[in-house]
Amino acid sequence: MLYRLVSCSSRTLARPALLLSVSVKGGGHRYPCSRLVAAGRRSFLSHCKVPSSCPATRCLSTAASSEDGQLIYTGNLGMAVRGVKMFSYCTSGASLIIVPQVLLKTGMGVESFALQVAFCGIIGFFIFITPVLLHVITKGYVLRLYHNADTDTYTAITSSVFLTERRCVFTQNQVRIPSISKMFTTFYAGQRGLLVNPDLFPIPQDYNHLMGYDKPFSFSTDQIE
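Just so you know, the working numbering puts the end of the sequence shown at 215, numbered straight through with nothing missing.
The hints are simulated quantities; they were obtained by calculation from the structure and are not laboratory data.
Hints may contain errors.
No more than 30 angstroms apart at the CA atoms, straight line, and that leaves these computed lysine-lysine pairs for DSSO-like [what the hints assert, rightly or not]: (1) 129 to 172; (2) 75 to 172; (3) 95 to 129; (4) 75 to 129.
Keep in mind that this is a model prediction, so the values were computed, not measured.
Turn these sequences into a full structure, and let the hints guide you.
Following this line, the structure appears as structure tokens:
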């Protein structure tokens, strides 16, 4: 097989190019210059990455704001807390309906008074004490926390006993850290204990300012001794 390069006419291409002529057993076959150039372009572009002229952009998100200020914290257990309390209320209500029927059908209502007191005491514990205990444990859990930077005021949204939102407004000067770590209290806002998760603050500085960790402090050697 014989390869021969010849010059292309300028009328075919904007730039002079070469034409590849292939001769096989005395018979010559010419390939048009346009086909060679197109194939060359495809081969070149497939191995070449063209940088984008568009500048890189970043998406910045801002925290939601309301009349209470900037939203700086959202608890991740809000739905779980409400679901558990709702389930407890439903089971307590169902027990109040079922227990009297059980007493009448089993004949326990006509038994001795001591047996009635013991039975009602056990059932009453699960009917009344469980919802109350759940509320005592979860009443300080903060669903959302807002901060008004102009007045340095915080608004904590918690859940009430009737599963409605309850608001607690306080300032940073009212925040008090318990001397002994407690399981369901991160800090006190006045006399009320509140529970937050420090890892759920999108901006750690918001938590530091809430707890007063950004305030300057001083100590003397007398305090160390």
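Structure-based check of all given hints:
For the hint linking residue 129 to residue 172, the alpha-carbon distance of about 14 angstroms falls within 30 angstroms, and the restraint holds. Distance restraint check for residue 75 and residue 172: the Cα-Cα separation of roughly 22 angstroms lies within the 30 angstroms cut-off, and the hinted pair is therefore satisfied. As the CA atoms of residue 95 and residue 129 are separated by approximately 39 angstroms, the hinted pair breaks the 30 angstroms bound. Taken as a hint, the residue 75 and residue 129 pair is honoured in the structure, with Cα atoms around 11 angstroms apart against an allowance of 30 angstroms.
Against the hints set out earlier in the document, a violation occurs for number 3 only.
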